[in-house]
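Residue numbers (this note's numbering), protein chains in the order written: chain R, 1 to 485; chain S, 1 to 494.
Since the hints were derived computationally from the structure, they do not count as laboratory data.
The structure displayed is predicted, hence computed values, not measured ones.
Backbone N, C-alpha and C fix where the C-beta goes; we use that ideal spot for every residue, glycine too.
One or more of the hints may lead you astray.
Stretch-level coverage of chain R by chain S, calculated; a stretch enters the list once three of its residues show a Cβ under 8 Å from a Cβ in chain S [unchecked claim]:
1. 65-71
2. 89-100
3. 282-295
Listed next, the in silico BS3-like pairs over lysine-lysine satisfying Cα-Cα at most 25 Å (straight line) [as the list claims (entries may be wrong)]:
4. R/K57 <-> S/K379
5. R/K209 <-> R/K195
6. R/K83 <-> S/K277
7. S/K302 <-> R/K83
8. R/K261 <-> R/K230
9. R/K227 <-> R/K261
10. S/K235 <-> R/K83
11. R/K261 <-> R/K119
12. R/K105 <-> R/K221
13. R/K118 <-> R/K227
Beta-carbon label-pair distances, calculated as ranges [as the list claims (entries may be wrong)]:
14. R/A285 <-> S/G375: 17 to 23 Å
15. R/H190 <-> S/E47: 50 to 56 Å
16. S/S297 <-> R/P291: 57 to 63 Å
17. S/S348 <-> R/L266: 29 to 35 Å
18. R/A299 <-> S/Y370: 36 to 42 Å
19. R/P291 <-> S/G375: 44 to 50 Å
20. S/R112 <-> R/L266: 53 to 59 Å
21. R/D89 <-> S/G375: 27 to 33 Å
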Amino acid sequence: MSQPDFELVAGLEVHCQLATRTKLFCGCVNGASGAEANTAVCPVCTGQPGSLPVLNKAAVELAFKAALALDCGLAGTSVFARKNYFYPDLPKAYQISQYAEPLAKGGAVVFTAGGVAKKARLQRIHLEEDAGKLLHAIGSRELDCTLVDFNRCGSPLIEIVSEPDIFSGSEAHAFLAALKEILLYAGVSHCDMEKGELRCDANISVRRKGDAALGTKVEIKNLNSFKAVKEALDHEFSRQVGVIEAGGRIVQETRLWDVEKRRTELMRSKEDAHDYRYFPDPDLAPLVAEPRWVEAVKASLPELPAARRMRYTEAFGLSGYDAEVLTSDRALGDYFEGAAKGLAPEAVKTCVNLITTDLLGRLNAESLPVGRCPLAPGALGSLAGLIHKGTLSTKLAKEVFSKAWDTGKAPEALVAELGLAQVSDEGQVREWVKAACSANAQAVADLKSGNGRAIGALVGAVMKLSKGKANPLLVNRRARPTRCS
Amino acid sequence: MSPDLSASGIAAGVGAGRLSAAEVLETRLARIRELDPRIRAFLKVHEDSARCRARALDERRAAGGRLGRLAGVPIALKDNIHARGWETTCGSKILQGFRAPFDSEVVERLMREDAVLVGKTNLDEFAMGSSTENSAFFPTANPWDLDRVPGGSSGGSAAAVASGMVPAALGSDTGGSVRQPAGFCGVVGVKPTYGLVSRRGLVAFASSLDQIGPLTATVEDAALMLSVAGGHDPKDSTSSPRPLPDYAGSLSGGVRGLRIGLPREYFTGGAHPETEKLVREGVASLERLGASVVEVSLPHTKHAISAYYVIAPCEASSNLARFDGVRYGVRARGGLSLEEDYAVARGSGFGPEVKRRVMLGTYALSAGYYDAYYGRAQKARALIRRDFEDVFGKVDVLATPTSPATAFRFNEKAEPMAMYLADIFTITANLAGIPGISVPCGLTQGLPVGLQFLADSFREDLLFRSAAALERERPFPVFPFAEGAGQGPRHEPA
């Protein structure tokens, strides 16, 4: 027996911090984890005696948006429950979460792995509050005590639990990428993994191929990047297969992924597992989702990436690759649609090229998000139009793009101001070609003797004479050997 | 004592400028100095802050300002209700030194109506108990007999009102903790409908059962206090948005045509014969005024104690888990592991009754036991609630003894179960969420007996109507300590 005889089966639990202004049960700022420790706190989120939670409606709305975007079945009524355990980052000694009655069940994430479209079903989505953060060291200095920062405590999270429908590390990676894309599109979360806005735990088991029953599952925590998820799954698969092949048995336990050592290590065994003593939180009423409110939330959902991709290929005739690039970021897709508005169908392709090469290149070079692009979508669209109409050559268009980016001026205005309009006047182009031919006798001779590449020298000479304004199509046509005289 | 010195009398007098808030306060502070060394109702009297407040009110009045509905009324708070900046101990060592970081909603409301907060009263630790003997600091005595308990857990508030140290106090009632001490001390105590009074700033014992309620010398004062303390608080998700009715108006309503039910299960030998006799006499006096009296049944009453002693400890085990000594209160020190740190703080900070209930609740919520305990208790609770819904289709109010017997002696109920049974007539209202009032209906062997009226949710008006009528029919000696008497309680039923 060896690895090929086994298959990995994994389910993921993804925690996603909702992009609300305030925390889940109090008015403190959400997302202040980078601020000075314990500055975004109040009696509620630090668990002071006598404080009571008040549910943040915006968080509920985002949670429902996520559930709708992931095609889940929504619960008309869901119930907040207390998950009880002692830990210094949990000031009430219980986390307000949802247990027996989550707000959503079912749903799925569709993703592509190894070129094949796959689907992982979801088990549930529930809403809960985050815990604080413990500090055992500052920089390189070990502390002689542990400090706690409650800025993150009480931030709204949704936990998305998948069914065990993931069968490799790369599938897990692709699942997470697709999930993140949907959550970003729906505006549910900023999904910044470095800030801990997206966190993942994995339940992994192995079984002999062909077996229907699942093996004993091991939970892996501390997966802080997509890469870590993939590596941890691959590692855990080998480890578990190794144990079985050596005649051992997998025991139910929780393991931690060690990024440095790139391996999982035992965190706690089943015997040490917490008994969370869940029960409905008596401080909060059951959450009732009025059908009319749900409809309104549904209506506020933007078009999701899969639907948008399909529309781009069908309505705009874009390639699958271009559609993929343009929809990878909701803001980029919005930008594209703004730019393509009113363009002739053939000009759209030109517009896509401008976006995928010039615009993305420049944004990347300046580390700007699409949302802060200084060039308005309309400006880029008219630039594409100018190219399409033959007013600008692709080369001159790059210059106009750059000037428009720097000055904020409209492309048409720049073309006029700089006298950059392409010259398509047959007579003028003929004059330039004539002049170029007489100055490059060798090239003309080469062309005549059948060396097609010599045309480059002639075209270059025309462009030089015309200061780049000659319409290259006309130049090409004119400079063809048969007509070069 | 003159009726002017009821809360309503003080508010009217101070509001009209006939009385000075400062003088009213001094009278009460003098009484506290005189009596409290023996009764020990207060954990802390905030004299300076109260004087400052009373002076400010007098000045505002003198400058032509209008004062609120509790103008100059000295009020005591049970020490599990936050007043910002004051210590809130909950009668526990684990919270010693903890200062409230904010005002409770009820304190905000009292202050808005120009009350004068006098201090914090003693209680059973975290409101767990029926005698105030579970206070980590000292027991409080019953003003009617200093060898007896004042009841609990709001024993300090009841004793402070009964002895005239303050005309009104707030307590909290989770299973009878306002009504039972009110009955033992011969004052009026109200457990409002769940959700009528905000719990924000009340340190939670059992969140689904806790309600803050007033203790006063008269029914009118209880209505006044509730009309100020009650009302919707958007910051308490369990607070009802329903507007408050006019309680004062219901006081004079009379009981003609009122249908009073006597629940069979509350009159079947559980109560002391003398207690039962006085309660029946009280009801008979209302019948003479035109009320109709019928026997009714609440068949699931027998499950109340067991359901309560599962649900309340379950919630308490979770509510009290935050007391780990890390952020406030007693802290374990010195190179311990995290678990030892928790164990030392909680082991030394909590008293035996609190530990007992935390352990009970932790056990009942454990994996494998949840359905058998918490699940079944919730089912019993639903049945008890339905009993009341059924019966309130037939009658307007129920009348029962508040407690099976009068105040007992210190250490008389050393067995926890014996103590738990002291709440047998009061806990059903908490389980069902309905309101209840205890009003004195007479003395037996020199000790007050409380009559409890229960009504359907949000029908406090019916409770005040019934209790006010009873109060008029059977006037009760409000203060056991005659003016200047220093030897002990003296009671002269009118």
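Is R/K57 within 25 Å of S/K379, Cα to Cα? Outside the cut-off at roughly 31 Å; violated.
Keeping to a limit of 25 Å between CA atoms, is the pair of R/K83 and S/K277 held or broken? Between R/K83 and S/K277 the Cα gap is close to 49 Å, so the pair fails against 25 Å, i.e. violated.
Pair hint outcome, R/K261 versus R/K230 [Cα-Cα no greater than 25 Å]: At roughly 15 Å apart (the allowed maximum being 25 Å), R/K230 and R/K261 satisfy the hint.
Annotated coverage of the segment 89-100 of chain R by chain S, confirmed only when three residues or more have a Cβ within 8 Å: holds (count 4)
Taking a Cβ-to-Cβ distance below 8 Å as contact, does the segment 65-71 of chain R have at least three residues touching chain S? The restraint on the segment 65-71 of chain R is violated, since only 0 of its residues have a Cβ under 8 Å from chain S and three are required.
Do the alpha carbons of R/K227 and R/K261 lie within 25 Å of each other, as the hint requires? holds, 14 Å
May I ask you to test the hint 36 to 42 Å on the CB atoms belonging to R/A299 and S/Y370? Since R/A299 and S/Y370 have Cβ atoms about 40 Å apart, the given range 36 to 42 Å holds.
Could one say that the CB atoms of R/P291 and S/G375 fall in the range 44 to 50 Å? At 30 Å between Cβs, range violated.
Measuring from beta carbon to beta carbon, are R/H190 and S/E47 in 50 to 56 Å? holds, 54 Å
Next pair to validate is R/K105 with R/K221; report whether the Cα-Cα distance is within 25 Å. holds, 23 Å
Is the Cα-Cα distance between S/K302 and R/K83 25 Å or less? violated, 31 Å
Do the beta carbons of S/R112 and R/L266 sit within 53 to 59 Å of each other? With Cβ atoms ~58 Å apart, the hint holds.
The structure fails hints 1, 4, 5, 6, 7, 11, 16, 19 (numbered hints given earlier, in ascending order).
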